[in-house]
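Below are the chains, spelled out letter by letter.
2 protein chains.
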Amino acid sequence: MFTKIGRNVAVGFVLSCVTTVAQDPSSVPRVLTNPKFHAAADFVEKDHDRFVREIVQITEIEAPPFKEEKRAKAFAEMLRQNGLTDVQIDAEGNVIGVRKGAGDGQPIIAIAAHLDTVFPEGTNVKVRREGTKLFAPGVGDDSRALAVLLEMIRAMDAAKIQTASDILFIGNVGEEGPGDLRGMKYLFQKGPYKDKIKMFISLDPYGLGNDVTTGGVGSKRFKVTFRGPGGHSFGSFGLVSPAYALGNAMLKLSKMQVPSRPKTTFNVGVIGGGTSVNSIPFESWMDVDIRSETKEELNKAVDTFTRLMRDAGDEENRARATSQGKIEVEVKLIGDRPFGQIPAGAPIVRTAAAVIQTFGFTPTFGMSSTDSNIPMSMGIPAITLESGGTGSRNHTLDEWIDVEKTASVKGINIALGILLALADVQ
Amino acid sequence: MFTKIGRNVAVGFVLSCVTTVAQDPSSVPRVLTNPKFHAAADFVEKDHDRFVREIVQITEIEAPPFKEEKRAKAFAEMLRQNGLTDVQIDAEGNVIGVRKGAGDGQPIIAIAAHLDTVFPEGTNVKVRREGTKLFAPGVGDDSRALAVLLEMIRAMDAAKIQTASDILFIGNVGEEGPGDLRGMKYLFQKGPYKDKIKMFISLDPYGLGNDVTTGGVGSKRFKVTFRGPGGHSFGSFGLVSPAYALGNAMLKLSKMQVPSRPKTTFNVGVIGGGTSVNSIPFESWMDVDIRSETKEELNKAVDTFTRLMRDAGDEENRARATSQGKIEVEVKLIGDRPFGQIPAGAPIVRTAAAVIQTFGFTPTFGMSSTDSNIPMSMGIPAITLESGGTGSRNHTLDEWIDVEKTASVKGINIALGILLALADVQ
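As they're listed, the protein sequences go chains A and B. Residue 283 in our numbering sits at position 303 of the first sequence; the count goes up by one each step and never skips. Residue 83 in our numbering sits at position 103 of the second sequence; the count goes up by one each step and never skips.
Read the hints as simulated data drawn from the structure, not as lab findings. Treat the hints with caution; some may be incorrect.
Heads up, the list lumps identical chains together, so a pair's fine if it works in one copy or across two of them.
Unchecked claim - Straight line, CA to CA, 30 Å or less: simulated DSBU-like cross-link-like pairs of lysine-lysine:
| # | residue 1 | residue 2 |
| --- | --- | --- |
| 1 | Lys312 | Lys275 |
| 2 | Lys203 | Lys232 |
| 3 | Lys235 | Lys306 |
| 4 | Lys232 | Lys312 |
| 5 | Lys26 | Lys312 |
| 6 | Lys306 | Lys200 |
| 7 | Lys235 | Lys385 |
| 8 | Lys47 | Lys170 |
| 9 | Lys232 | Lys306 |
| 10 | Lys203 | Lys306 |
| 11 | Lys306 | Lys113 |
| 12 | Lys235 | Lys312 |
Looking at chain A on its own, in the form it has when it is part of the complex:
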């Protein structure tokens, strides 16, 4: 998932916190002027063609929600080939590998990109290249970021960088759709690194590198199912139909009023139901996503939505015959992403901002719904960074990224700089 919001708001926010950011966390100048960092950054530039090949390689292994195994195995192998020891796939399916620091294993900084895409099995994931543009479902979201993790490890090794902290590299499952952040929930609440990760970075699909996500948008997902008696399309014509109730529900939802600030949204994603063209369905359903920047507006939207669903069922029961049974509606919570917010003055935010400024950008800050929502909601310092370059149309079959070298390399090096400033270079 990747979407930036509140940039206008963020500008004000940036201006107001420039004074704070001016007190750079001490490690930033030291790390960014270290010849080893320069060697690493140079390596990223020279190695760019290989990086692009790896984006393609990762993209072309399909990874639908709950079916990330194939890509996970391949990514674990790529981590190993890039010299990471101790690579494993945890019980939830996350690929995790440690790059040891100089210390005693504490603190651990984790950096993650997600394995899963929104696309179902059978989607054509072959990458098409036009100039510096790569086109394919998932090529940005989040294959580019997975390839950035590999590039970071290679660059650090090439420059013989030793960090103070251990760094946990993660290719995680369950970021998209029905995954409901299961990879992160397992990592932070159950897995072997539970309670050990002190800071967390999530890598977004693309973006120049100036934007830092410091807030997690909350979302709730629902499966709405209308059920009825069903029947023969001709013989039982006139009976209530779950399909018409669902149609009405979709139309009602489409007209629901939500504020643009705080940004609040709704979506009908997947729909289904029915057995054959000549049968009144006994069940018709839809999956709905509702999000907001504030808990209050999210709850308001969910309340209105729930009422609209019941209205749609009631209206169908009044519109057609209920002699064989009525339409019943079930609104079931299938996903719940917690809100989270990292304070502007938190060292992780100040460090990121200082690195971005050193690279000549003005940092912006926004809210989004990413893997960082989980650590943020638990009070663990977490940010989501851009992974370099540009792109668009993620979550569609037309998704593309531009790997034009200058912007692509700069974005990787900003993320690498932030990671190393947080982990400190010996």
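Given the structure of chain A, go ahead and fit chain B onto it with the hints provided.
Just chain B now, kept in the frame of chain A:
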């Protein structure tokens, strides 16, 4: 597919044609008073438990549209075990077997029940019995009728009946939903018996035996697909969505005005589309069935429906942003069942009516949409008969039939009597 209509109309029709029916086709009294027919009818009564076991056996082999092979193989084997020689599965998947008559193979009378059900793979088709009632999806439509074919063969053999005509027994594919009568289309237009079948009987799921379908209701089926640019549920919020266009289309269709006489109906059967809960779909679709007793009303309904679909697309394009692309709608014909009508005075109708009267019932005549639509539309004498007993709720998971012996046996023997009166007994 099984649904009776126009019974009120049919009563008038019956009264008006009683004088015609009074001129019984000559074979009826001769065949029905033949001791061999009585022996066959007695056998049906004695063999009833076995008949019920076979209904269960057939029902419990699932047979979704286009996936009838497993049931077809089992039914072919059952025909062979019941002594029918020359059983084959034709290129379309129909099971066909001949019971030779005394003649030179002409004329051939065909009698069919359909293998397919409306239910998708994985539906629980286990039969539950309560007293004389059997509950299971497809138990009536059309498993009972398939078992009737087996019972007819056994009864004729037990009574050593030789007919003048050859009889072609058929367990056919493609009667339901997307099948679009493909079994019958192949049989009458392409298969080895093309141009050879001179009369046709289709067996409906259940019914006491007094009703004869002499007219084929026409239907057209459509797949309506709305396509749009898709996008991220949060980042692209505000873009047009195929889901909302479809919802609106379903609601508009639900309000479409159609006459009750001639009966005209519409139905949204199966719906689908979308990739994940957090993506605006790039495609949402529905399968629609439209039927009428007259061609004129069918065409009118189809015209209105088509206009409503375009309106729904246009309204979505006005309701939300089209900056990434517009909603396009495709209305594709996926099924077309021709109309057909057998004249009241046709020998096949008069023979059926005479047999029904001999059994003490007043025949009724109606229109429906069955396998007979194909031969009817080609001018081949064809009727659809009830297969005995009672039942209800076909095309739903609550489908049931009552195999209470008296009504069950009487219905079988009426159908057998009509078949033998048409085929003549030597």
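To see whether the hints hold, each was checked on the structure:
no., hint, result
1, Lys312 - Lys275, "within (19 Å within a copy, 44 Å between copies)"
2, Lys203 - Lys232, "both (16 Å within a copy, 24 Å between copies)"
3, Lys235 - Lys306, "both (25 Å within a copy, 18 Å between copies)"
4, Lys232 - Lys312, "both (18 Å within a copy, 27 Å between copies)"
5, Lys26 - Lys312, "neither (51 Å within a copy, 53 Å between copies)"
6, Lys306 - Lys200, "both (28 Å within a copy, 28 Å between copies)"
7, Lys235 - Lys385, "neither (44 Å within a copy, 57 Å between copies)"
8, Lys47 - Lys170, "within (21 Å within a copy, 44 Å between copies)"
9, Lys232 - Lys306, "both (20 Å within a copy, 21 Å between copies)"
10, Lys203 - Lys306, "both (19 Å within a copy, 27 Å between copies)"
11, Lys306 - Lys113, "between (53 Å within a copy, 24 Å between copies)"
12, Lys235 - Lys312, "both (21 Å within a copy, 28 Å between copies)"
In terms of the numbered hints stated before, the structure departs from hints 5, 7, listed from lowest to highest.
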